[in-house]
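Between the sequences and the hints, there should be enough to build the whole structure, so can you do that?
Read in order, the letters of the sequence shown are residues 889 to 969 in the numbering used here.
Calculated directly from the structure, the hints in this document are not laboratory data.
Do not rely on the hints blindly, as some may be mistaken.
Stated by the list, open to error - Capping the alpha-carbon separation at 25 Å, the derived lysine-lysine pairs in DSS-like fashion look like this:
no., residue 1, residue 2
1, K931, K907
2, K939, K955
3, K922, K894
4, K946, K922
5, K931, K894
6, K960, K946
7, K938, K894
8, K939, K894
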Amino acid sequence: MSIITKETLVQYLYGETSKEDNLIIEAALTTDWKLNEEFTILKASQSDLKKLSLQSPKSSSIDRILKYAEQKSDSTIPVAP
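Here it is in structure tokens:
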């Protein structure tokens with residue numbers, strides 16, 4: 889890994905990086921203050937997301953989506969011979 893991107897930091901935050909990459913990222917976080925600042929912001933965002941209460945969609949919304957998907961799957965696209 890040569891460049892640590894925001895995506896890489898998110899993967900690290902969610903435990904989706906290899907042990908080798910973890911060592912590289914952790915070393916970079918101790919020496920690169922800008923990267924560490926970005927990581928701190930991502931951690932705070934993750935913490936805020938965990939605090940949100942998620943609600944299930946209304947059953948009427950699900951029914952409309954399924955009906956729409958069913959209508960779209962019924963339409964056929966002509967295929968050239």
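Each hint, compared with the structure:
no. : hint        : in the structure
1   : K931 x K907 : holds, 19 Å
2   : K939 x K955 : violated, 33 Å
3   : K922 x K894 : holds, 11 Å
4   : K946 x K922 : violated, 43 Å
5   : K931 x K894 : holds, 12 Å
6   : K960 x K946 : holds, 22 Å
7   : K938 x K894 : holds, 19 Å
8   : K939 x K894 : holds, 22 Å
Consistency note: the structure conflicts with the earlier hints numbered 2 and 4.
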